[in-house]
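Participant: Sequence:
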Amino acid sequence: MSVSSPHLLSGLNAEQLAAVTLEPRHALILAGAGSGKTRVLTTRIAWLLAQGLAGPHNILAVTFTNKAAKEMLARLSAMLPVNTRSMWIGTFHGLCNRLLRAHHREAGLPQMFQILDQSDQLSAIKRLLKSLNVDDEKFPPRDLQHFINAHKEQGERPAAVEAWDDYSRKRVELYAAYEQQCQREGVVDFAELLLRSFELLERNEPVRNHYQQRFRHILVDEFQDTNKLQYRWLKLLSDGGAGAAVFAVGDDDQSIYAFRGADVGNMHAFEREFAVPEVIRLEQNYRSQGNILDAANAIIKHNETRLGKNLWTEAGSGEPLCVFEAASDLEEARWIVEEIRALMRDGRARSEIALLYRSNAQSRVLEHALFSAGLPYRVYGGLRFFERQEIKHALAYLRLLANPDDDTAFARVVNFPTRGIGARSLEQLADAARLHQCSLHQAIVHLAGKAQSVLQNFSGLLDRMREGAAGLPLPEVIDHVVELSGLREHYRNDREGQDRLANLDELVTAAASFVAEEDRRPIAADDDAAAADEGELIAFLTHAALEAGDHQAEDGDDAVQLMTVHAAKGLEFNIVFISGLEEGLFPHENALLETRGVEEERRLMYVAVTRARQRLYLSFAQTRMLHGQTRYNIVSRFLDEIPQPLLKWLTPQLRNAGSAYAFGAARNGSYGNDTRKAEIAALQRDEPSGFAVGQSVMHDKFGRGVIINAEGSGQDARVQVNFTHAGSKWLALAVAKLTPA
DNA sequence: CCAGTTTACCTTTTT
DNA sequence: GGTAAACTGG
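Counting in the UniProt record's numbering, the first sequence runs from 1 upward without gaps.
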């Protein structure tokens with residue numbers, strides 16, 4: 001390895017170079033979209049190694065996605081020959097898991113602890129509520145799950161949570177009970193991985209000292225997405241800033257995970273608490289044409305709380321952004337398909353094109369249109385491989401092999417496929433378990449009568465599985481379990497079970513390639529205490545929980561890419577469509593209620609816009625089917641925030657010329673039947689005083705809006721209006737001064 | 001007492 | 001449109 005490696009640094013601009021070659025000290029890099037962030041991060045690591053400022057084992061690099069971690073590793077090994085295995089590179093959850101496996105005893109966990117993903121966590125909570133006879137109407141499991149996770153992410157155990165009334169006291173009590181249940185079953189949820197390893201470092205001085213001395217350089221990707229606990233974890237590991245040099249890369253404008261506890265405030269806190277000497281801004285964008293960047297800059301300027309940054313490019317302005325107003329979501333989808341066809345006639349590949357939307361529910365219409373047109377497409381999102389029910393069932397059996405006391409897994413498959421163990425027997429079992437303070441599996445011996453015999457049969461099945469699996473390689477273990485459990489038989493008899501059968505086979509294949517991968521890069525004899533001797537099965541189950549799989553999109557074929565804006569973060573495409581630019585959808589209505597909610601939505605829009613290299617299409621629809629009912633939306637404020645000269649309207653701008661209702665009709669049916677249907681429905685409802693659902697109206701105080709609902713007649717007539725800036729309101733027509741806009 | 005059928009409910013984003 | 005709880009028949 002050369003002492004100075006000019007080739008490493010060639011092609012970097014001045015700011016990138018400054019960031020990469022900073023002397024070892026704390027640094028905050030504000031890296032705008034498309035500014036070469038990942039390159040800076042990986043080159044920084046390579047530079048530290050090449051300069052001899054650190055050995056591989058001194059490096060800890062943390063990312064948010066497995067994908068980012070893999071990419072970093074791949075790029076790094078391409079840059080210089082290095083034993084990446086002795087570096088700690090991974091997601092927060094992955095690294096915490098590694099820490100806890102190595103120190104499970106000190107952390108108070110069984111060696112074989114299992115990881116609950118969120119759906120496992122939810123069912124664990126439901127089971128808990130049932131066993132404590134808690135009314136799940138009063139304490140909805142989802143709320144409780146959010147409550148528990150939010151507190152864990154703040155670093156708060158039940159004892160630290162403030163309770164001021166009976167209700168909050170009860171919730172804290174349930175939080176405590178949930179912890180006990182997890183501890184008894186030997187399982188940890190996602191947030192627990194973080195909190196437990198934080199507490200391990202905090203309380204165990206030898207362990208803390210060991211890692212503080214080992215890691216001299218901590219590099220953090222997507223720093224704006226860290227939550228409070230992750231920040232404290234980093235701070236602890238760097239000995240409050242006195243130890244490892246922390247190199248944090250982030251973009252406050254791309255912070256889009258506040259909803260799950262991410263705290264942009266960490267960037268300010270880091271600057272202050274670590275006394276970061278200087279902040280380096282990467283503002284040159286290598287991705288997008290000028291007009292696209294101008295639009296992105298114009299949008300994000302509307303946010304008040306920013307560290308401040310303005311992207312620029314040496315590329316030309318490029319094309320204007322194309323805007324399309326559709327009569328309906330179906331129309332929007334049809335237009336997108338037409339446009340894609342035109343692009344392909346121009347010689348564009350489908351894989352250059354991405355369709356972005358705010359929420360997954362929007363993909364269906366787009367998929368339908370693409371499918372009907374025979375255009376290949378790939379959807380990112382939705383169910384991932386390890387989240388499919390047949391896979392989760394198979395994994396549950398595997399978990400029971402490793403740990404029969406895993407009640408979540410037990411409850412999941414005890415009667416699946418059905419084997420005559422009904423609700424009644426399970427109730428008795430749960431009662432016995434509570435009475436004896438033991439797991440469901442252990443409670444079987446305390447039963448009597450029929451319940452005991454059927455459950456002992458099940459227990460015997462598990463024993464036979466374990467015996468049959470002994471000594472087999474992992475893929476064969478899985479195959480054996482799938483067979484013996486009756487899962488294969490069950491899906492064979494199910495008319496719609498063919499895909500599921502194929503997935504179960506795929507699980508065996510996945511295990512085979514997982515084992516092969518592990519063999520190629522064996523966990524090197526780590527200098528850490530008790531190098532995790534987890535065994536293939538535990539490693540595979542951990543892999544399944546932490547990396548739920550590639551969002552089910554097959555590689556290879558040339559296909560249009562469909563995904564949510566969140567999923568698109570970090571990606572780039574030559575041509576991007578952002579669809580559904582409507583108030584209530586994007587920005588999402590739920591976000592309007594939250595403080596700073598609109599700002600987060602705006603950052604989301606900023607992320608969406610900056611995905612495009614050459615061409616950006618923006619579209620919205622007047623009516624949209626959502627959750628089975630038609631909604632009448634007005635154009636998103638974000639579209640209004642883009643300067644008009646950057647835009648090219650593909651549809652006439654009639655927005656002030658009449659109601660949505662009127663111009664749907666004016667288009668003379670050429671835009672499909674959807675607007676007509678809305679029209680007819682409105683007429684049939686005998687709307688009062690000449691107002692119709694879907695019509696644009698003006699109000700002295702609230703401004704412009706669209707009527708989305710109506711009821712009553714005469715003096716009692718009321719309409720619900722969705723105002724651009726004031727939100728949705730019910731107004732009595734006799735009182736409110738509404739005028740057609 | 002269990003198993004298949006119907007109904008209800010939900011969906012903003014996810015490691 | 002898809003799953004999980006409630007229902008009802010065997």
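Read the hints as simulated data drawn from the structure, not as lab findings.
Hints should not be assumed to be uniformly reliable.
What the hints assert, rightly or not - Straight-line Cα separation of at most 30 Å, DSBU-like style, residue types lysine-lysine; simulated pairs: (1) K70 to K309; (2) K126 to K138; (3) K235 to K126; (4) K450 to K126; (5) K67 to K450; (6) K126 to K309; (7) K235 to K70; (8) K450 to K130; (9) K170 to K309; (10) K126 to K70; (11) K138 to K170; (12) K309 to K130; (13) K648 to K301; (14) K450 to K392; (15) K70 to K450; (16) K126 to K170; (17) K301 to K70; (18) K67 to K170; (19) K67 to K392; (20) K67 to K130; (21) K301 to K392; (22) K235 to K309; (23) K67 to K228; (24) K648 to K392.
Stated by the list, open to error - Across the chosen pairs, the derived CB separations fall in these ranges: (25) R184 to S453: 22 to 28 Å; (26) E476 to E367: 25 to 31 Å; (27) P206 to P110: 30 to 36 Å; (28) G11 to A159: 34 to 40 Å; (29) H302 to D165: 35 to 41 Å; (30) W649 to D239: 43 to 49 Å; (31) A18 to E506: 34 to 40 Å; (32) H368 to R157: 46 to 52 Å; (33) D494 to E367: 23 to 29 Å; (34) H368 to H446: 35 to 41 Å; (35) R169 to E71: 43 to 49 Å; (36) D494 to H302: 31 to 37 Å; (37) N83 to S359: 51 to 57 Å.
All figures in this text were calculated on a predicted structure; none of them were measured in a lab.
Glycine included, each C-beta is placed from N, C-alpha and C at the ideal position.
Participant: A separate judgement is required for each hint: does it hold in the structure or not?
Facilitator: Hint-by-hint comparison with the structure:
1. K70 to K309: holds, 29 Å
2. K126 to K138: holds, 13 Å
3. K235 to K126: Since the Cα atoms of K235 and K126 sit roughly 35 Å apart, the hinted pair is violated (cutoff 30 Å).
4. K450 to K126: holds, 26 Å
5. K67 to K450: Given pair K67, K450 is violated - Cα atoms ~50 Å apart, limit 30 Å.
6. K126 to K309: Judged against 30 Å, a Cα distance of about 46 Å means the pair is violated.
7. K235 to K70: With Cα atoms ~24 Å apart, K235 and K70 stay inside 30 Å; holds.
8. K450 to K130: Distance ~23 Å between K450 and K130 Cα, so the pair holds.
9. K170 to K309: Given pair K170, K309 is violated - Cα atoms ~46 Å apart, limit 30 Å.
10. K126 to K70: Roughly 35 Å separates the two Cα atoms, so the pair is violated.
11. K138 to K170: Holds. K138 to K170 sits at ~11 Å (cutoff 30 Å).
12. K309 to K130: Distance of about 52 Å is beyond 30 Å: violated.
13. K648 to K301: Holds - the C-alpha atoms of K301 and K648 are around 21 Å apart, at most 30 Å.
14. K450 to K392: Between K450 and K392 the Cα gap is close to 28 Å, so the pair holds against 30 Å.
15. K70 to K450: violated, 52 Å
16. K126 to K170: holds, 15 Å
17. K301 to K70: Violated: K301 and K70 sit about 34 Å apart, past 30 Å.
18. K67 to K170: Since the Cα atoms of K67 and K170 sit roughly 40 Å apart, the hinted pair is violated (cutoff 30 Å).
19. K67 to K392: Holds - the C-alpha atoms of K392 and K67 are around 22 Å apart, at most 30 Å.
20. K67 to K130: With a Cα-Cα distance of about 38 Å, the restraint between K67 and K130 is violated, given a limit of 30 Å.
21. K301 to K392: violated, 45 Å
22. K235 to K309: Holds, because 26 Å separates the two Cα atoms, which is no more than 30 Å.
23. K67 to K228: It holds: about 23 Å lies between the C-alpha atoms, which stays within 30 Å.
24. K648 to K392: violated, 49 Å
25. R184 to S453: 22 to 28 Å: Distance hint for R184, S453 holds at roughly 26 Å.
26. E476 to E367: 25 to 31 Å: violated, 38 Å
27. P206 to P110: 30 to 36 Å: With a Cβ separation near 21 Å, P206 and P110 fall outside 30 to 36 Å, so the hint is violated.
28. G11 to A159: 34 to 40 Å: Violated: the Cβ-Cβ distance is about 54 Å, outside 34 to 40 Å.
29. H302 to D165: 35 to 41 Å: holds, 39 Å
30. W649 to D239: 43 to 49 Å: Roughly 57 Å apart at Cβ, these two residues miss the hinted range, so it is violated.
31. A18 to E506: 34 to 40 Å: violated, 47 Å
32. H368 to R157: 46 to 52 Å: Check passed, 48 Å falls within 46 to 52 Å.
33. D494 to E367: 23 to 29 Å: holds, 25 Å
34. H368 to H446: 35 to 41 Å: violated, 54 Å
35. R169 to E71: 43 to 49 Å: Given range 43 to 49 Å: holds, Cβ gap about 46 Å.
36. D494 to H302: 31 to 37 Å: Violated, since D494 and H302 (Cβ atoms, about 52 Å apart) do not stay within the stated range.
37. N83 to S359: 51 to 57 Å: violated, 43 Å
Of the numbered hints stated above, those contradicted by the structure are hints 3, 5, 6, 9, 10, 12, 15, 17, 18, 20, 21, 24, 26, 27, 28, 30, 31, 34, 36 and 37, listed in ascending order.
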